[in-house]
Structure formats: C-alpha cells, structure tokens
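Asks: In case you want the letters, here they are:
Number of protein chains: 2
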Amino acid sequence: MSYTRRREALRVQLRQSELDALLVTDSLNVRYLTGFTGSNSALLVHAEGDECSVFATDGRYDTQSQRQVPDLRRVIDRSVRSRLVKDATENRIGRLGFESHVVTVDGHAALAKVTAAVQLVATSRPVEALRLIKDDAEVAVLRAACAAADTALAGLLAEGGLRPGRTEREVGRDLEARMVAAGAAGRSFETIVATGANSAVPHHRPTDAVLCRGDLLKMDFGALVDGYHSDMTRTVVLGQPAQWQREIYELVAAAQAAGRAALRAGAQVRDVDAAARDIIAQAGHGGDFVHGLGHGVGLQIHEAPALSQCGVGTLAAGMAVTVEPGVYLAGRGGVRIEDTLVVSGGEPELLTLTTKDLVVVPC
Amino acid sequence: MSYTRRREALRVQLRQSELDALLVTDSLNVRYLTGFTGSNSALLVHAEGDECSVFATDGRYDTQSQRQVPDLRRVIDRSVRSRLVKDATENRIGRLGFESHVVTVDGHAALAKVTAAVQLVATSRPVEALRLIKDDAEVAVLRAACAAADTALAGLLAEGGLRPGRTEREVGRDLEARMVAAGAAGRSFETIVATGANSAVPHHRPTDAVLCRGDLLKMDFGALVDGYHSDMTRTVVLGQPAQWQREIYELVAAAQAAGRAALRAGAQVRDVDAAARDIIAQAGHGGDFVHGLGHGVGLQIHEAPALSQCGVGTLAAGMAVTVEPGVYLAGRGGVRIEDTLVVSGGEPELLTLTTKDLVVVPC
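One line per chain: the protein sequences are A and B, in this order.
According to this note's numbering, the stretch in the first sequence is residues 1 to 363, in order.
According to this note's numbering, the stretch in the second sequence is residues 1 to 363, in order.
Accuracy of the hints is not assured; some may be wrong.
[As the list claims (entries may be wrong)] Have a look at the derived ranges for each label pair, beta carbon to beta carbon:
| id | chain 1 | residue 1 | chain 2 | residue 2 | range |
| --- | --- | --- | --- | --- | --- |
| 1 | A | Gly331 | B | Lys86 | 33 to 39 Å |
| 2 | B | Gly287 | A | Ala112 | 35 to 41 Å |
| 3 | B | Gln240 | A | Thr355 | 51 to 57 Å |
| 4 | B | Asp357 | A | Ala112 | 33 to 39 Å |
| 5 | B | Phe189 | A | Ala317 | 37 to 43 Å |
| 6 | A | Gln66 | B | Arg73 | 42 to 48 Å |
| 7 | B | Arg67 | A | Ala109 | 37 to 43 Å |
| 8 | B | Cys52 | A | Leu350 | 48 to 54 Å |
| 9 | B | Val360 | A | Ala109 | 36 to 42 Å |
| 10 | A | Ala265 | B | Thr167 | 39 to 45 Å |
| 11 | A | Ala109 | B | Cys52 | 27 to 33 Å |
| 12 | A | Glu159 | B | Gly287 | 49 to 55 Å |
[Said to hold, decoys possible] Partial chain B-side listing against chain A, Cβ under 7 Å, derived:
| id | residue |
| --- | --- |
| 13 | Arg60 |
| 14 | Ser100 |
| 15 | Thr104 |
| 16 | Val105 |
| 17 | Asp106 |
| 18 | His108 |
| 19 | Thr354 |
| 20 | Leu358 |
No lab work stands behind these hints: they were computed from the structure.
Small disclaimer: the values here were computed from a predicted structure and weren't measured.
Idealized CB from N, CA, C, for every residue including glycine.
Input sequences plus hints: build the corresponding full structure.
Replies: So, in structure tokens, the structure goes:
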C-alpha cells in the first residue's frame, strides 16, 4: 500500500537526521502519509516503524479516520498536536522533529510548554521532499484531473461555448461546470478567462467583459480530483487571427515546445526555463514574458520545483510540472500555452492532451 | 474610508503595546486593513500614521495594488516580508510587532536574519481583535452573502429542486450554481447536503445517495461575496413528516430560538450556548447535540468568537455569528437549523431570512 511505503521512505530520512520521530502537522502532508482528508489531524511517524507511530484527529472525524487510517494507532483529541507530544514524552522519544515551515511561533511555544523531556528539532520539509516525486497512484490521479480539464474544454469548443457575446465569467463557470460533470470534485484554482486586451494580464480574474470577434481568448484552468490539481492554459482566437496574433502565438508555441523538449531527468530547472525563454528573448519579446516557466503540481496547485530563471535544483523522474511560457502585449493581448507533464528519463509524459495548434473559433 | 479607520484603530493597540510598528503578514489581515486581494503581500502599519506605513507585494500585482491600495506607500518585491523588515531597519524602527500565530518558526528565523537592529516582538492577534467587530461596510457585504444563499434556496424549492430521485450531489451543485447566479463569487465552504440517515452525520459530504420520500434533508451552505462568508442550515422533510421527525424538528427550532434570544451584547458566549443546549438536554437529547452552538463569520467561515460550552468571552455589538443547534439520531436522521446574525444591544439582526418553520416538500 502506498501510504505504508511513503512512511517507510520518510523513516530513512529520520534515521539520517538522527530523529526518533517526526511530528507531521501540515494537513496535506498528513494526507500524503495516511490518506486522511479531514481538517484537523496530526501524525507522529516513529523512526522505528508503524507499530510505534500514532495518528490523531478530533471527535468529528472518528468514523472517517477509522475508515481512512485503519493501519495506525489512532487517538481522538481536539488538541491533536499537544496530544502527540504528550504521547511522545510517555514513549521516551528524545529528539522529535517538527515541521518548522508549518508550525508557527505561537504553535512552537505551545508544544514546548507541553514537555521539557522531548527535544523539538526543526526539519527542512522532509515530507515535501518525498512529495516531489509522484508515485504511480499519484500520476494516475493527476492524469484523471488533466483529462477532466481536457474534456471540459473539448465540450465547450464543440458546443459553441466560446461565441461572441458571452462574458468571461460565463465562460469560466461553464468550464468549471463541465469539469465537475467530467468527474472533478471542483476547480483546482480560480479559473482565468481573459478576452481581448485582458489576455495581456497574466492573472486576470474573469469579469463581465464580453467576448468579441477578433479577440485573443486565454483560458487557464484546472480540475481537482482526489485532492490533486491539474493546470492547463490554452489561448484561442475568435474568428480569423490578425498577423500579430498569429506571430506571438507561434512564438509562444515554439518556446513551449522547447521547454517541453528540455524537460528531462537530470536537467537543471533554470536550463529548462532558459530553453523556452531564449526563444522569446531572441524574438525581441524577453520583456513580455514576465513570469517563470512553470511549477510543480500535486496536492497543491503550486509546489516544488519552480522552473524559473533563479530556480535551483535538478529534475528527477516522477516530478509533475507545468510548462507555461507567455507573451503579453499590454493593451493589445497576450498568449500563454501551458501543459502539465511528468518528468522521465526520456520524453516527459504529457497529461494535458488538448491540441496546441492555434484554434480559430469560427464566428 | 473604512481601511484608514481600521488602520487607525490598530494604531491604538500598537501604542498600548509600545510597538513602533506591526508587520502584518496574514493575507486576510492585509486585506482587512487595505482592501488588497492578491495572494502575496505584507503590510507595515506604523504607530505614527499612514505616512510612515508601507505596503508590499510582488510584480504580478503591481497594477492591481495601485488600484486597491492607492493611499499607502507601495514597494514591489518578491520577498515581501524581508523587504518590509529591511525598510523598518532603515526607518529606525526599534520594536516591530509580528503576528506570531501566523509567522512560522522558519519564517521568524528568516526575518531575524535580515537585521539585528530591529527587535521582533510577538503579538496576540491584534488585527483579529478588530475583525471581531464588523463595521457597516462588512455587515452590508455579509447581508448580501446571506441574501444570495436565501435566494438560492428559495429558487431551489420553488422550482422543484428537492424531488425524490435527485442525488445529494445534484442538489449541492444546484444550490451552488444558484448562489452564483444570485451574485455570489462562489460557495463559502463545501456544501453539505445530507438526506435520510445521512442527515444524522453533522458534516456529511454530498454523495450519490438519492433523495427519498420520507427523508429528512439537511442543507448547510453559504455564499461568498467580496471575501465574506455566509452560513445557513435548513432541514426539510420530503413528504409528510413522521412523528419523530416533527418532534426533533420542533425541539431544535425551540433551542435555536432560545439561542437567538440569548444573543445580545454583554452575554457570555457559554451562556448563549447553554440557552440552546439546555432545551435539548431537558428533552433527553443532550448527547445528540455533539458540537458547539455557533461561531463567528466574516473573512473566514470560522472565526472568533466560538459559542460553545467551553467558550470564553463576552459578546459585543457588531459581532457576526451563527446559531446552529442540531440533534442527530444515528441511523435515522438529524436536524440542524442555522442562521447568521449580527449582535447588537437589543435583538440581533437576522441576516439569513429563509423561514425556520418546518418545510414539507410536497412529493
């Protein structure tokens, strides 16, 4: 079972850091390590094994946690963290790691007050280090989330959902409803629908602006499936494209293809960014590509690694990332093309399958 | 303007705590104090006045922050917090408060590394203390959010949306779509629709369970308007109610009325809980009311004050809270009735206006 394997992988790190146990308090990290989806939980992963590990939640989640976490000792207590630190004291844990990027200054003071017998040791995102590499179960869910977004956009296009006269907001809601109909629990982030000059704003929120013939229409959206986030951007043109629209579309498409081609285990993240960015810069639009090339996706819509000019690190097989260059011409319009992919030793697996050829919406 | 007034109110607290300034890093608190709605921001509120205060965000939000925060000095920097601490150093700030319930242990270490010249002082939720009392602008938005939920439920009932054969999930999506059509930006939390025996689960997630004649149907939902959350629960019966259904409905309705009657500036929060709880306990159902009576609502769906048996504190005019007793009979069904209200010196203002008489859905 994957949760058992993930906890076992975490133990390797604990032993390397000479920790007796780790107190996991980030709810996504608890979910990753146990499958529990409730809103109040903590987990003590013991270096020696699952038989010494403990899961805590409150009374509202007694039944749910029994079902979702059948393989660990469970305690029911409103103060999940303090309870596990007490438990650690009773079980003579000496060095207890805690997630210092999650626990607040007040939270740390409260834990330190529970006991003087346990030494609280700051750790550097040990669970996130595991989450960087998606296992088969995770890739399968990401594939399903990306498929829901593909299905939604295909339906929207096929059924004339992008006609002049509709508003950005209407298109956004339509996409979201279609993702839910395609099996998503909901959207994975606030849908971006930006038409005409609005498409030049990288993170435009949908307004009552009306789609018009001749507009570039940028849609950045994703589906949430079993807690995992898909992320895709497509830019289409309503009616026959003008020359400048076609030019920046082809430029961004070429940059995106170069980014995907550079996406490979062993590559430096900044080199992947550069592969796409150089093409845009050489065309004289370097200043119009105002953000990083991409980011990791998984239980969060934005997670490590960051593919950017100042990013540090190396890609590894199993990382799920976006590749999303853009060129934005203020007052005129912009193009972004974004896929979600899984890194491998060879060509990455493309999860968002909608075409990247310029779609001309007849109108 | 209300943001200016809120910052001025915060200054009173800063002076009492002998702080030269407060570094606000919670994004809802920044929004409360400035109106900024982006995802990366920090605010330094100087004790001397707005002319010494500074707002920080990153390049993505340059245009947006110019519009939303026209009245403060703005700096654009990706590292919003460090930048403001540097700024504080240059401006010879001695004692700088920080939100110790928000800043993580790692975050604090990073800020301390920026400078030794500034003393970082933990504070006890000073902005949340202000947010407890809603001003007129906030009450107006909460009223609109509650109205969107009322409109959604009225439409659902009027148009036969609660017919046997539909699933919980369908009803949930229908309610959510209707709230959006009524002007909401979205739902304010995951909608609860629980039919038949599922209604006995306090926080049931909608499933494909089908509505049946004779079911108690519990709907707990809310609308999001301008960042503010409404919260309402209504329980209806599909077809003629059985005697036990009518009895627990009337019991919960009486308890809810008693809770509302006790809701008044100056009341202890635990006394308000007790006013409702005693009625349920006297009827022999004390053990079936397994949660607190209510909670504050505002920029968060759950915020202070908590109306519960172990709650501490006194109500004040302008607090927006829910009153939501419930009786849950495992395996049979449950009833919860919940309103959002604003506390005053006299009778509270009721924001959720849907009837609390038992609605019998003809079928």
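Asks: Next step is simple, just say for each hint if it's right about the structure.
Replies: Hint-by-hint comparison with the structure:
A C-beta distance of roughly 34 Å is found between A/Gly331 and B/Lys86, which places it inside the suggested range of 33 to 39 Å. Hint check: B/Gly287 to A/Ala112, Cβ distance near 37 Å, so the stated range 35 to 41 Å holds. Range check, B/Gln240 to A/Thr355: Cβ separation about 56 Å, and the 51 to 57 Å hint holds. Between B/Asp357 and A/Ala112 the CB atoms are about 53 Å apart, so this pair departs from the stated range of 33 to 39 Å.
Between B/Phe189 and A/Ala317 the beta carbon distance is about 38 Å. The supplied range of 37 to 43 Å therefore holds. A hinted range of 42 to 48 Å for the beta carbons of A/Gln66 and B/Arg73 is inconsistent with their spacing of about 54 Å. The hint said 37 to 43 Å for the Cβ distance between B/Arg67 and A/Ala109, and at roughly 39 Å that hint holds. In this structure, B/Cys52 and A/Leu350 meet the distance hint of 48 to 54 Å, their C-beta atoms being roughly 52 Å apart.
Between B/Val360 and A/Ala109 the Cβ separation comes to about 54 Å, which falls outside the hinted range of 36 to 42 Å. The beta-carbon spacing between A/Ala265 and B/Thr167, approximately 44 Å, falls within the hinted interval of 39 to 45 Å. Taking the beta carbon of each, A/Ala109 and B/Cys52 are about 30 Å apart, inside 27 to 33 Å as hinted. A beta carbon spacing of about 53 Å between A/Glu159 and B/Gly287 agrees with the range 49 to 55 Å that was offered as a hint.
Taking 7 Å as the C-beta cut-off, the interface hint given for B/Arg60 holds, the closest approach to chain A being about 6 Å. The interface hint given for B/Ser100 is met, as the beta carbon of that residue sits about 4 Å from the closest beta carbon of chain A, less than 7 Å. Interface restraint check: B/Thr104 against chain A, minimum CB-CB distance 6 Å, threshold 7 Å, status holds. Because the smallest distance between the Cβ of B/Val105 and any Cβ of chain A comes to about 4 Å, under 7 Å, the interface hint for this residue holds.
Interface restraint check: B/Asp106 against chain A, minimum CB-CB distance 5 Å, threshold 7 Å, status holds. The closest approach between the C-beta of B/His108 and any C-beta of chain A is roughly 5 Å, which is under the 7 Å cut-off, so the hint is satisfied. Restraint check, B/Thr354 versus chain A: the minimum CB separation of about 24 Å is more than 7 Å; hint violated. At a threshold of 7 Å, the smallest CB-CB gap from B/Leu358 to chain A is about 26 Å, leaving the interface hint violated.
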